[in-house]
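> Below, each chain spelled out in residue letters.
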Amino acid sequence: MPELRRVLAAALPGLPVPGVALAAPGSVADPAAGWDRLWEEMLIDITVIGLVFAAVAAWFMWRYRRRGRAEGDPPRLSTAAAVGWAVIPAFAFMADDFYLAAKGWELWKVYRTVPEGALEVRLDSAMWSWNYTYPNGAVTVNELRVPAGRPVLLRMTSRDVVHSHFIPDFRVKEDSMPGRITYLWFYPKEPGEHVVTCAEYCGLLHSRMAGKVIVMAPDAFEAWYRAAGQKAAAAAAASGEEA
Amino acid sequence: MGATLKSWLFTTDHKRVGILYLIGSLAAFAIAGIMAMLMRIELTNIGPDITDNPQDYNVWLYFHGAAMILGFQIPALTGFLANYCVPLMIGARDVAFPRLNALSVWLFWAGIVLALATFVIPDPPDVMWTGYPPYATMTWGNTAFYSFTVLLLGFSSILGGVNFLTTVAYMRAPGMGWNQLNVFVWSIVVAFVIQLIFVPVLGTAVTMLLFDKYLGTTFFQPANGGDVLIYQNLFWFYSHPAVYVILLPFLGITYEIVATFARNRVFNYKMVVYGGFGGVLLLAGEVWVHHLYTAGLPDWLRVGQMVTTLLISVPVGLLMIGLVGTLYRGAIEYRTPMLYALGVLFFFLIGGLTGIPNAMASLDLHLQDTYFIPGHFHYVMAVAGTFAIFGAVYYLFPKMTGRMYREGTGKLGFWLTFVGMNLVFMPMMVAGIEGMPRRYYDYAQFPQVEGMQQLMTFGAFVILAGALVTLWNWLHGALRGEPAPANPWGSRSLEWTAAPSPPPPGNFPVPPRLEPGWSPYAYGERA
Chain A
5 MPELRRVLAA ALPGLPVPGV ALAAPGSVAD PAAGWDRLWE EMLIDITVIG LVFAAVAAWF
65 MWRYRRRGRA EGDPPRLSTA AAVGWAVIPA FAFMADDFYL AAKGWELWKV YRTVPEGALE
125 VRLDSAMWSW NYTYPNGAVT VNELRVPAGR PVLLRMTSRD VVHSHFIPDF RVKEDSMPGR
185 ITYLWFYPKE PGEHVVTCAE YCGLLHSRMA GKVIVMAPDA FEAWYRAAGQ KAAAAAAASG
245 EEA
Chain B
10 MGATLKSWLF TTDHKRVGIL YLIGSLAAFA IAGIMAMLMR IELTNIGPDI TDNPQDYNVW
70 LYFHGAAMIL GFQIPALTGF LANYCVPLMI GARDVAFPRL NALSVWLFWA GIVLALATFV
130 IPDPPDVMWT GYPPYATMTW GNTAFYSFTV LLLGFSSILG GVNFLTTVAY MRAPGMGWNQ
190 LNVFVWSIVV AFVIQLIFVP VLGTAVTMLL FDKYLGTTFF QPANGGDVLI YQNLFWFYSH
250 PAVYVILLPF LGITYEIVAT FARNRVFNYK MVVYGGFGGV LLLAGEVWVH HLYTAGLPDW
310 LRVGQMVTTL LISVPVGLLM IGLVGTLYRG AIEYRTPMLY ALGVLFFFLI GGLTGIPNAM
370 ASLDLHLQDT YFIPGHFHYV MAVAGTFAIF GAVYYLFPKM TGRMYREGTG KLGFWLTFVG
430 MNLVFMPMMV AGIEGMPRRY YDYAQFPQVE GMQQLMTFGA FVILAGALVT LWNWLHGALR
490 GEPAPANPWG SRSLEWTAAP SPPPPGNFPV PPRLEPGWSP YAYGERA
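These protein sequence lines are chains A and B, in that order.
Note that the first sequence covers residues 5 to 247 in this note's numbering.
Note that the second sequence covers residues 10 to 536 in this note's numbering.
Check each hint, because a few of them may be wrong.
[Claimed, not checked] Part of the chain A face toward chain B, derived, beta carbon under 8 Å:
no.: 1; residue: Trp-43
no.: 2; residue: Met-46
no.: 3; residue: Asp-164
no.: 4; residue: Lys-177
no.: 5; residue: Val-199
Quick caveat, the hints were computed from the structure, so don't treat them as lab data.
All residues carry an ideal CB built from backbone N, CA and C; glycine is no exception.
Construct all of the structure, not just a fragment, from the sequences and the given hints.
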């Protein structure tokens, strides 16, 4: 119940609240970690509901199998009981729905609020490649190189049909489409490689429209970024001369 | 023989029209099922297995989805079952407009033939059953066949809707009040109200698609001032309610089967009808954005429809309580139709609960368009619906043919399909959580799901075995089965108590007369 503790901590300043690490200034909530936590809670929620229904159904199926009596002996519900059987479960389900909706909304805000200082990269998707353009003009295809420890913002559009930039390890996707600009952000923390793949059907090579997020140590990224930027500038200058 | 064929083709008898729907929808099911088998075989290993052309796979997938939904489930439930059961259940001689009924089954058959053209035309449609532009307008695939199939089937369904709403409103047996209708009749009423409201929207969407691709309009072309998301909104504004057009009748017939074999009253009938069906009807048109959680719509819309989507659990929960409650203090007999009905309960429970994570916009950012989604909707709609249809065919088998199927063979077919379905769709959801996206011809970037894919392919063969056993049982029963008594299940509903098996044209030798307080579920009462 970290929320409850946080509320208590806010309401009663000075009360020692164990187990709450206050967010350090400048630290960033990680949507992927939030997803994993909420998913776990969700699994518990639906498993409990499922088991209750299944257990009751299984018990009835065994207990009321046909033996002796050839007809059921259904209870006559009074009007009050009939209304109660509709209204009480309805409110119980609604309570769970609103609880889950609040949880979902909380995480949604994390997903859709881009932290300050994020590295902003432009993505143009096309059949069948991911084309990234960095602020300094560096360009990559199917390889999104990013530094560890800094949030990354993708601003996306598409050159042809609808695609969806999906990074399973970061638990995030958003469609990219012609004529609209969409965004997603994620928070790479450790150096490593992660699959990028297309999640919206886009024709013949939909399943081959894959790339990588390459998370690099900040120094290594800085070196690559500078070199890639210079290369892009040189290429632009060269094409300028030709023209 | 010629005369017999003619009497079937030009029939206006609702029972024959229903059986024509059944034959057509089972044909669609069989072919779409073969497509599923081809896909499953292709996906067994990473890399090409039976075709090295992803286009083949895309066409199979298109046909599987479009034919299963538009050619099998909707026509089997609102065509076959509605036609066969509704007039018998309400004590009517036929539907209100028998010739219109014949026209709607012809349109349905035309739609099926048009869909089958997929396999003979040079550039078959490859747009998936959703047909999203701009892909659908850019592809070499013949999107027109998709649009016209949808339009024909949709028109057929609208005619059915007009017909059945009129039939139920005006042709009930004297003395039969609205609260005495079979739950299945109610489910058909609500399903057709949904069809009549929403089908025109789908018709509009696919027509605009047709205009964009062939007539040079630019509704969905951003370069000329159009917008790609208009189509997605219109499409799902119909196609989410379409899920309920499938869901309500399949739950309705499941209620009939459960009540009959438990020889029990439907638990809290008014809660089921007004709370369950009514609640679904109220919410049906306010939840479509959950198909577009990753499409960049405004936050208020996505979060707002997250709330409405979660609220669907209220009427659906009431429907589950009604179904489980109908077992309470029953006298349950486990015949083949009942096994299928309880299978529906099981699949629908899992499918319904795995819908909740998808309803959560934030969790959906990972789950959207992964294998989790087809896993979920197969449980909740495809498999649960198919089990209800299979159960209904078994349930109505003595009524339709006057003969009995073989009980042991029926149960064998049930258990094979039941196990096979779980072998396919449980791993499918797990692979989705791993990140495996749907509609993939190949999955080299997800080597960790190869084992699950192989398990799914194995499961698909188990389903195939079960389906073949079932098919054999039906054919054998229809041709050689033992003669069936008029009411082999001991049901109290009019189709069993007042009509012989099979019922003659006009249905009831003596028009049914209802005692005051009559109910189709009057079990456990000393008459």
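> Run every hint past the structure and note whether it holds.
Structure-based check of each hint:
1. Trp-43: Because about 6 Å separates Trp-43(A) from the closest Cβ in chain B, which is inside the 8 Å limit, the hint holds.
2. Met-46: For Met-46(A), the interface hint holds, since the closest Cβ of chain B sits about 5 Å away, which is under 8 Å.
3. Asp-164: holds (7 Å)
4. Lys-177: holds (5 Å)
5. Val-199: holds (5 Å)
When each numbered hint is compared with the structure, no violation occurs for any of them.
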